[in-house]
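Enquirer: So the protein lines, in turn, are chains E and C.
Take 66 as the starting number for the first sequence in this note's numbering and just add one per residue.
Take 252 as the starting number for the second sequence in this note's numbering and just add one per residue.
No wet-lab data here; the hints were simulated from the structure.
One should not assume that every hint holds.
Stated by the list, open to error - Computed list of lysine-lysine pairs in DSSO-like fashion (alpha-carbon distance at most 27 angstroms, straight line): (1) E:Lys136 with E:Lys84; (2) C:Lys363 with E:Lys109; (3) C:Lys300 with E:Lys105; (4) C:Lys319 with E:Lys132; (5) C:Lys363 with E:Lys101; (6) C:Lys300 with E:Lys101; (7) E:Lys109 with C:Lys320; (8) E:Lys106 with C:Lys363; (9) C:Lys363 with E:Lys136; (10) E:Lys109 with C:Lys300; (11) C:Lys319 with E:Lys101.
Said to hold, decoys possible - Quick list of the computed label-pair ranges, beta carbon to beta carbon: (12) C:Ile311 with E:Asn144: 15 to 25 angstroms; (13) E:Ala68 with C:Gly267: 39 to 49 angstroms; (14) E:Asp135 with C:Ala268: 29 to 39 angstroms; (15) E:Pro73 with C:Ile311: 24 to 34 angstroms.
Said to hold, decoys possible - So, partial list: chain C residues that the calculated Cβ filter (under 7 angstroms) puts toward chain E: (16) Phe285; (17) Phe318; (18) Glu339.
No residue lacks a Cβ here, since even glycine has one placed at the ideal position from N, Cα and C.
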Amino acid sequence: DTAVSQTPKYLVTQMGNDKSIKCEQNLGHDTMYWYKQDSKKFLKIMFSYNNKELIINETVPNRFSPKSPDKAHLNLHINSLELGDSAVYFCASSQGQGPYGYTFGSGTRLTVV
Amino acid sequence: AQSVTQLGSHVSVSEGALVLLRCNYSSSVPPYLFWYVQYPNQGLQLLLKYTSAATLVKGINGFEAEFKKSETSFHLTKPSAHMSDAAEYFCAVSGDRNNDMRFGAGTRLTVKP
């Protein structure tokens, strides 16, 4: 059983399209995150949810909208995709913030053409 | 706000040699510090963490790190490198309960036969 699973693993799409990435965790964690990893491997927090409530929303274009139907799921919807959105998106979960390590999914490589 | 700086974007060692990956942190509160490893096309995996207990922390795969408050450092070491250690390594920091985890830029470790 994968602890944090993301789908799809690869996503190739044209500019202007709308796409979603799904994430599910079976660890019973209360907090889930979306990170973006660029081509230089730099990781940037995008969103953080605690028990279905948004607690962190970094400076991310409003074309990106997270949705958490329950505490085990955190999906990411992206409208009007742009070339600059091409990256690897990671979902992660933790027992909470502070001293808790994160468990990461295997990532979704998004390529916008 | 917390941050970490990883010194050296690329470190190359011979198999069997000492591995030393450097990380310095900046934090206005006692930090929680982490090291993660990312193998190609995979998500990040927690190697070890410091949460204000012992200053010398042992992790998986023979890695350890020492928290030095006077030097604001949390360097990662392994006495003898193995080919399988080749990967990207990330240092990360989080603060109190309301702070998310911030990652360094990563250090790519290459192990030569």
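Enquirer: Are Phe318 (chain C) and chain E close enough, Cβ to Cβ, to be under 7 angstroms, as the hint says?
Expert: Hint on Phe318 (chain C): violated, closest Cβ of chain E at ~13 angstroms, above 7 angstroms.
Enquirer: Given the hinted pair Lys300 (chain C) and Lys101 (chain E), is their alpha-carbon gap at most 27 angstroms?
Expert: It holds: about 22 angstroms lies between the C-alpha atoms, which stays within 27 angstroms.
Enquirer: Please verify that hint: Phe285 (chain C), Cβ, nearest Cβ of chain E, below 7 angstroms or not.
Expert: The hint holds - Phe285 (chain C) has a Cβ within 7 angstroms of chain E, the shortest such distance being about 6 angstroms.
Enquirer: Below or equal to 27 angstroms on CA atoms is what counts here, so check Lys363 (chain C) against Lys109 (chain E).
Expert: violated (31 angstroms)
Enquirer: Check the following: the C-beta atoms of Asp135 (chain E) and Ala268 (chain C) are separated by a distance inside 29 to 39 angstroms.
Expert: violated (48 angstroms)
Enquirer: Does Lys320 (chain C) sit within 27 angstroms of Lys109 (chain E), going by the straight-line distance between their CA atoms?
Expert: holds (26 angstroms)
Enquirer: Within 15 to 25 angstroms: is that where the Cβ-Cβ distance between Ile311 (chain C) and Asn144 (chain E) falls?
Expert: With Cβ atoms ~40 angstroms apart, the hint is violated.
Enquirer: Does the alpha-carbon distance linking Lys300 (chain C) and Lys105 (chain E) stay inside the 27 angstroms limit?
Expert: holds (24 angstroms)
Enquirer: Hint check: Lys109 (chain E) vs Lys300 (chain C), CA-CA at most 27 angstroms. Holds or violated?
Expert: holds (20 angstroms)
Enquirer: Given the hinted pair Lys106 (chain E) and Lys363 (chain C), is their alpha-carbon gap at most 27 angstroms?
Expert: holds (22 angstroms)
Enquirer: Ala68 (chain E) and Gly267 (chain C), beta-carbon distance inside 39 to 49 angstroms?
Expert: Because 33 angstroms falls outside the window, the suggested range is violated.
Enquirer: Need the status of pair Lys136 (chain E), Lys84 (chain E): alpha-carbon distance at most 27 angstroms?
Expert: holds (22 angstroms)
In this structure, the hints that do not hold are numbers 2, 4, 5, 9, 11, 12, 13, 14 and 17, in rising order.
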